[in-house]
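Protein chains in written order, with this note's numbering: chain C, 1 to 409; chain X, 1001 to 1305; chain D, 2001 to 2208.
Keep in mind that the hints are not guaranteed to be accurate.
Claimed, not checked - Computed cross-link-like contacts, PhoX-like style, restricted to lysine-lysine with a CA-CA straight-line distance of at most 25 Å: (1) Lys2183(D) to Lys1154(X); (2) Lys1154(X) to Lys2178(D); (3) Lys1139(X) to Lys2183(D); (4) Lys2140(D) to Lys2099(D); (5) Lys1275(X) to Lys2140(D).
Unchecked claim - Stretch by stretch, here's where chain D covers chain C in the computed footprint (C-beta under 8 Å, at least three residues): (6) 47-54; (7) 184-197; (8) 351-363.
Everything labelled a hint here was simulated from the structure, so no lab data went into it. Values in this document were obtained by computation on a predicted structure and should not be read as measured data. Positions of the beta carbon are idealized from the N, C-alpha and C atoms, including for glycine.
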Amino acid sequence: MKILDFAMFSVRQVLSGGRAYYMWLAFLGVLILVGLAGYRETLIHGHIVSNMRDPVPWGVFIGTYAFFVGVAAAAVALSVPGYVYHWKPIKEIVVLGEIIAISAVIMCILFVMSDLGHPERFWHLLPVVGKPNIPRSMIAMNVLILNGYLVLNLVIVTYFLYCSYVGRPYNRVFFMTLMLASIPAAISIHATTAFIFNVLPARPYWNSAILVPRFIATALCAGPALMVLAFQILRKVAKIGIRDEALHKIVEMTVIVLFVNLLLFFAEVVTEYRSATAHTVHMQYYFQGLGDHVRLVSWAWSGAACNITAFFLLLVPRTRKHPVTMNIACALVFVGVFIEKGIGLVLPGFTPGTLGEVYEYVPSMPEVMILVGVAGVGIFVFTILSKIAIPLTFREEGESESELELSGA
Amino acid sequence: MQDTDHKERTTSRRQFLKAAGTVAGATVGLPGTSKAFDLEELFQQHFRELSQEDLERVLQRMERKYEEEYGKPFSVEATGPLDGVMFGYGLDISRCIGCRRCVYACVDENNQSRDPQIHYIRVLEFEREEVQRWIDFEKGDPFYDHEEVPAEGKLYLPVACQQCEEPECVRACPTTATWQEPDGIVVIDYDWCIGCRYCMAACPYGARHFNWTEPGIPEDEVNPKTHYLGNRPRAHGVVEKCTWCIQRTREGRYTACVEACPVGARKFGNMLDPKSEIRYLIEHKRTFVLKAELDTKPKFFYFYG
Amino acid sequence: MHPHSIEPRGGPSLSPPVRWTIVGIAVLAVGFFALGGGPLKQSTVRAYPSRPLAPEPEPVLLAPPPVDDEFFPCEDCHEGESADPEVRELDEHEHVKLKHGDLWCLDCHDRDQRDLLHLSDDSPVEMSESWRLCTRCHAKRIPDWRAGVHGKRTGYWSGRKEYRTCVVCHDPHSPLFKPLAPKPPPIPASQIHSPTATRSAEMNDAGH
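Starting from the given sequences, assemble the full structure and let the hints guide the process.
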């Protein structure tokens, strides 16, 4: 019965809110409608409405997929300090991190579904009913692990919130087991995402072992950067007590990982250019362009510029702690990694193609619309889950439950 | 008695499913489904797991579907491999003149989409001097257009599926929708492929092609003699590839490209037969395979005749 | 991270995450190697019956060498006539553009038996066996041709395997292959447009 109460509470929580809250939901609804309109084109004409073609069979969907798996994996950036080191200011917000992870995984699933030629055959990927090619196919592995991670996080979050709702302490062994299991799971989802790319001998641009640590590193700077921004918004909108020291600690971790990321990337660049084999052509396409084909060059340099600027902003203690520069830096990290890991990873791998064809991909209108729609879904999931979670998590801030429900968001 | 009963029941069940499918199709409106969106098709098992009877039923359903679509009798076979056969292919690059007869013979035989265009064979033109040491694919031009070929000082390298012994695409496929048959042909179950295109990322030879939309094949040009794993018309949203004309070669015939080559540069046969052309050329000629460093072990051998 | 900014609280120390990570990696590794090792197995399909390979018959000659009905048999015009051995412009047969090394007609055609060819030792050769004459100079091609590697084979790789003699493909008077007009080039990926995006794509192209 208590579970039912909890469900009712959640529904009420999601449905109630101020005008701003409904406006916000309506706005997200518009985004989702835009996405649906984009996908409608795909349903009518097939994937020809995208700008993906045989030489570049993956585009912005898979690039963004890789990026958001990283965001999902970055929940460890909170669960490690929170539950391994039991540092209170972060422990309070671990659940919010998990909610970001859940939203990100849902976005990932939607990206893959909109990329599939036959989404109605997704069950072919499932164990038992389908015929997944495990462990050989890294996509099959990734799908399996990613869904496992989603379930794990859903259970953790629901269980934690339920206990909090009922007002009894959680079962320590059960909860800690799941929480600690989510740490290697987070690393695994992203390692297998990197494996999707780097195990292919046909694509020398990806076929580098360093791609795996690079993926983890990019994840652990873009994810926390997003969290810092999202938490500040929540703090302002929902008036909850996320402490500055928690944010500063996250940013401090971000700058260390960002340094590792820049180092790994630099190592890749030096290796490619100094060895100057036939394989260097992909990086040349990215940073210099090949002949007239220069569409990615400005992206490449702006991505690098974002990351480097953000690094220096976060390195200097004064700019790191100043709210304005800190937020600029976090936004720059997010954008920089998005470029480096989405467009900067997927497209140069395919250009030039295996038989040397240079096809310059830019996302088409329907692709961008779907991207917007999926982002809308992600933010929507984050909104409603945090709407449920916030009053339950931050109850000890001295407010009564009813007050919280009213203040809503 | 029981038999007829059973039959009636299946037919009515099938009709029901069809009707249900039509409703689903109307609401889902998948591309190219002015036709019924068939639930039976949706829940069809993987080719390798179909029993003899199920396979028979599936083949008949497909024949009906294609007959409706193209307005002429169709045959969809699922002829199995011959015992003691491992196919191999040879191409004499000292002979190839780059006339692209093979490309279009392949399109006609294998029901590739004309619009948007899909070609299994891509002929690359190189400066003869540039490929003396090694083949740099970025220097190959597939779009050459001369009055007459061979053009002075050029070398032609036709590339299609290399039918690797260690196929990267098969390893990549997340749903086991593509595999290597006992006679060495790498095939796709077009009804099992989910269209993720990972195989296209994995293939080092650009041999795999995606149906970005419903393929366009004129009714009068469609080849109605087909194989389940080979040239039956594909749907939108699946990957397709060269199968060494499985519908022909499993019956002992040469591939369409071998037949079309005006200079006899293309060789095909059973590598396990010591008297075959392919064995002779492997044993007596200087051969090479593309991207040998990737160790995909192609069964497609280029040689100097 | 500054160690003093963390509040260790008794509880589990570093060991659980390390343990979990090890367990995770171990599970992954075992799964990978237990299920994955070795080369890719070829498939067995349930529905495939066994199909024995038929023994292969000898190759069959596809077509006799082509002869020009207008000029053959030669005896129709040249009956009993011995040919003039002098190298000269011919009045008849101007369609023959001789472009075959330094050869002259009578190096191959017999001077007296006008319907026959002859080898260098003057032994006669039927037109239909012209390949025997070709081999006198092009002996190195013979093994390749017999094996089906020089020349074109059609029909069945297992069954009726058709082959051709030299003159089916090579004009004996001018044996090099003539250049051909190639079939149209493939359409580049950038020219394959979406039905909805044609206009913007055109604009894109124009912008180049």
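For each hint, the structure was consulted:
no. : hint                     : verdict
1   : Lys2183(D) to Lys1154(X) : 17 Å, holds
2   : Lys1154(X) to Lys2178(D) : 16 Å, holds
3   : Lys1139(X) to Lys2183(D) : 21 Å, holds
4   : Lys2140(D) to Lys2099(D) : 21 Å, holds
5   : Lys1275(X) to Lys2140(D) : 19 Å, holds
6   : 47-54                    : holds (count 6)
7   : 184-197                  : holds (count 4)
8   : 351-363                  : holds (count 3)
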